[in-house]
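Undergrad: Sequence:
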Amino acid sequence: PELLQVKGSGVVNYYFQNHFDGNDFDIELNGASSLNGSMNLNHLNADLTGSSNLILTGQSQTFTIDATGASNMEGYDFVTNIIEADLEGASNLNLTVNESMKVKASGASNVYYKGDAQITSQNLSGGSNIVKVQ
Numbered sequence: 080p081e082l083l084q085v086k087g088s089g090v091v092n093y094y095f096q097n098h099f100d101g102n103d104f105d106i107e108l109n110g111a112s113s114l115n116g117s118m119n120l121n122h123l124n125a126d127l128t129g130s131s132n133l134i135l136t137g138q139s140q141t142f143t144i145d146a147t148g149a150s151n152m153e154g155y156d157f158v159t160n161i162i163e164a165d166l167e168g169a170s171n172l173n174l175t176v177n178e179s180m181k182v183k184a185s186g187a188s189n190v191y192y193k194g195d196a197q198i199t200s201q202n203l204s205g206g207s208n209i210v211k212v213q
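The sequence shown begins at 80 in my numbering and counts up by one.
Simulated from the structure, these hints should not be mistaken for lab results.
Check the hints yourself; a few may be wrong.
Unchecked claim - Estimated spans, in silico, between C-beta atoms of each pair: (1) L83 with N115: 12 to 22 Å; (2) D156 with D103: 15 to 25 Å; (3) D195 with N121: 14 to 24 Å; (4) S179 with V90: 32 to 42 Å; (5) E178 with L203: 15 to 25 Å; (6) Q96 with G205: 33 to 43 Å; (7) K181 with G205: 11 to 21 Å; (8) S204 with N119: 33 to 43 Å; (9) G205 with N97: 31 to 41 Å; (10) Y191 with G101: 22 to 32 Å; (11) G206 with K181: 16 to 26 Å.
In this text, a Cβ means the ideal position worked out from N, Cα and C, and glycines have one as well.
Work out the full structure: start from the sequences and follow the hints.
TA: This is how it looks when you write it as structure tokens:
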């Protein structure tokens with residue numbers, strides 16, 4: 080059977096010991112949960128709430144992420160072509176994007192990215208930022 084999703088609530092920690100290959104994958108973390116792993120995917124969907132952390136390496140063609148309540152995604156070594164991000168409440172996103180970005184961020188949330196992505200849509204409020212890093 081193929082693993083299609085991971086859901087964790089209430090200080091759950093996932094660690095992928097081996098590199099994970101798949102088509103579409105969903106991650107749902109809340110309540111200070113975390114996932115650390117390496118993935119090669121067509122599409123990744125992540126929903127992070129309540130100080131949850133996602134630490135990734137690998138790649139996806141497309142990536143959709145919703146992060147609220149001081150949640151974070153760390154992964155400059157995670158490369159995606161297209162991202163759609165919705166961040167709220169001091170959440171942060173670090174990754175590499177090659178093609179395009181759509182970002183909605185509020186409440187001192189930040190997107191830090193490497194790569195040559197074009198920002199095709201941005202809606203920033205409450206001291207939120209999109210920052211290209213070297």
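Undergrad: Hint by hint, say whether it matches the structure.
TA: Hints and how they fare:
| no. | hint | in the structure |
| --- | --- | --- |
| 1 | L83 with N115: 12 to 22 Å | 19 Å, holds |
| 2 | D156 with D103: 15 to 25 Å | 21 Å, holds |
| 3 | D195 with N121: 14 to 24 Å | 21 Å, holds |
| 4 | S179 with V90: 32 to 42 Å | 35 Å, holds |
| 5 | E178 with L203: 15 to 25 Å | 20 Å, holds |
| 6 | Q96 with G205: 33 to 43 Å | 39 Å, holds |
| 7 | K181 with G205: 11 to 21 Å | 18 Å, holds |
| 8 | S204 with N119: 33 to 43 Å | 34 Å, holds |
| 9 | G205 with N97: 31 to 41 Å | 40 Å, holds |
| 10 | Y191 with G101: 22 to 32 Å | 26 Å, holds |
| 11 | G206 with K181: 16 to 26 Å | 20 Å, holds |
Hint compliance for this structure: every hint is met.
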